[in-house]
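Undergrad: Now for the letters of each chain:
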Amino acid sequence: MLLIQCPYCGERPESEFAYGGEAHIARPADPSTLNDDQWAAFLYMRSNTKGIHAERWRHARGCNRFFNALRDTTSDRFLAFYRTGTPRPALPERQP
Amino acid sequence: MQRFSALSIFRRGLAGHESWQPQWRRAAPKGAYDAIIIGGGGHGLGTAYYLAAEHGLTNIAVVEKGWVGGGNTGRNTTIIRSNYLFDESAALYDHSLKLWEDLSQVLNYNVMYSARGVMMLAHNVHDVQVAKRHIHANRCNGVDNEWLTPEQAKEFCPPLNISPDIRYPILGAALQRRGGTARHDAVAWGYARAADALGVDIIENCEVTAIRRDASGAVEGIDTTRGALNTRKLGVVAAGNTSVVMAMAGVRLPLESFPLQALVSEPVKPAFPCVVMSNTIHAYISQSDKGELVIGAGTDAYTSYTQRGGLHINTHTLDAICELFPMFRRMQMLRNWGGIVDVTPDRSPIIAKTPVPGLYVNCGWGTGGFKATPGSANVFAHTIARDEPHPINAPFNIERFRDGFLIDEAAAAAVAH
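Chains as they are written, first to last, in our numbering: chain A, 3 to 98; chain B, 107 to 523.
Treat each hint with caution, since some may be false.
[Claimed, not checked] Here chain B is said to cover these stretches of chain A; the calculated rule only asks that three of the stretch's residues, wherever they fall, bring their Cβ under 8 angstroms from a Cβ of chain B: (1) 52-62; (2) 72-80.
[Claimed, not checked] Only part of the chain A face toward chain B is listed, based on derived beta-carbon distances under 8 angstroms: (3) M3; (4) L5; (5) E16; (6) Y21; (7) R29; (8) T35; (9) D38; (10) D39; (11) A42; (12) Y46.
It should be emphasised that the hints constitute simulated quantities derived from the structure, not laboratory data. Note that beta-carbon positions come from the ideal geometry of N, C-alpha and C, so glycine has one too.
Build the full structure now, drawing on both the sequences and the hints.
TA: Structure (C-alpha cells):
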C-alpha cells in the first residue's frame, strides 16, 4: 500500500485515496472547435509514462480534495505532492 | 522437431531421457527478416507461428527483452472463456476458444486445455440482470452460456457457500461449460517450439531500443541491445510496455498500464472442480493440475510498471474467497506476484494497423488476454501478412476511439476491471 501525502491533511494510507488519472489534462476551452482527432486525444490518449508520471489523487475518505503528485512508475516512489492548479514542480536531476 | 507421443516418451525414457533436444534453438540475430515480432509472450509467439504456418512467412524473428513467456503469459490465472456481450467480442473470443480445443494436437504440445466450466457469480439484482443479458446475447451469437440457480451452482461447484446471510450472497450464476483453463507456460513453450520448427528465430534477452523509419515514414528496422535488425513488417505485442515501444515510432495509444496481481496457495488434492469468477467482489479462483489454488485479484488503482502491487488488493480478494468457499479459510498462500496489463478505455483490445506503414500493434488486452492467445495471434498474423485486418479483428482498430465505435465491454461488465 502506498503512503500518500495529502497537501491538506498530511500522510495517509492509499486506502483513503482515489486515483484520478494523469494530471494536467485540461478540458479544451472551446470543445466545438475541436476535430475528432483532437477530441479523441483529449478523451482517450494518455502518456502512460514509464518513469516520472504526474497524476491526480483525491483524498476520498478525508478532505475529498484533488491534488497532484509526481511518482516514478518504475518504482512507485513518490517524488512530490502539489496542489491542483500549481505547475508541475521541477525535480533535481538525480534522486538519491 | 522431435515429435512428442506416448511411444517417443516411453522409448526415450528407456534411454534415460538423454536424447531430447532443446525445444527451440537459441537463435542469434541475423540482420534482416521479412517480419519481426516484438514480444515473446503467448500472443507474440503465436503470431510468429501462424505467420509461418498459415501465411508462408518463415524468415521471422521474435525479439523478447526477457525470456519466453516471462511476462503476463506466465503471470495470469489462465482462465479461458468467450462469454462476452458484444458481437465483435464474441466473434473474437469464440474464434480463440475454438482454436484452444485442438491446440495441443496442432502444436504437438500438451497445453493442458481443460474445459472444466467457468461459472460467473451474481451477487445482487444488477448482477443477475447483467448475467442474463450476457447469456441471451451469447446464445444469439452461438456461444454457450446458461443460467444456474444458487442450488444448481452449488451442485456444479460443491465448495460454494450459497447461504443467504453471507456478505455477498449468491443469487445465481452464469455457466459457460466450454470455458476452463490451460497451462500458461505450455502455451508459450508450445508456440515457441512449433514456430522454431518452421524456421522462426526466437531471440531472448534482446530489448528493442529504437524503431527506425525511412524517409517516407515506413518501418525499416529496429535497434536492439543485440544489434540492429532490418524489416519492413513490425508487429508490436508488448502488453504493459506497448506505450513505451510504440512511442519509439511516435505513435500514441489510448492505453494505461496497471499492475494486476495473482497468488497461489500451497498444493492440495483435487478439491475444486471448475473456475469460479466474481466480477463484483473481484475473486477469480481455480485449482491447477498441480493442486495449487490459483487466485486472481483486481488491478491496483494507479498506473505502474513495477510488476508489484499493494497487499490490500490481495487481502480484499482473499476475504471474498474465504467467505465464498469457507473450506479454504485455513489454506496458506505460497506466492503472489503482479503483471503489468495495458488497459484501453473500452476494455477491448486493439489488433490493428497503425498510422505508420509496416507497423502493426496487438495490445490493450487488459486483464483478460490469456484466453485470447490463439485467436489474437491468428488474426494478428493475418493482419501482418496481408496488410489488412481479418474480418474478426477489423472492428478492433485504433480509429474506433476517434470515430466513436467503442466495443464497450467495460460498461457491459459494469465493474471496475
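Undergrad: Hint by hint, say whether it matches the structure.
TA: Now the hints, each set against the structure:
no., hint, in the structure
1, 52-62, "holds (count 3)"
2, 72-80, "holds (count 5)"
3, M3, "holds (4 angstroms)"
4, L5, "violated (11 angstroms)"
5, E16, "holds (6 angstroms)"
6, Y21, "holds (4 angstroms)"
7, R29, "violated (16 angstroms)"
8, T35, "violated (16 angstroms)"
9, D38, "holds (5 angstroms)"
10, D39, "holds (6 angstroms)"
11, A42, "holds (4 angstroms)"
12, Y46, "holds (4 angstroms)"
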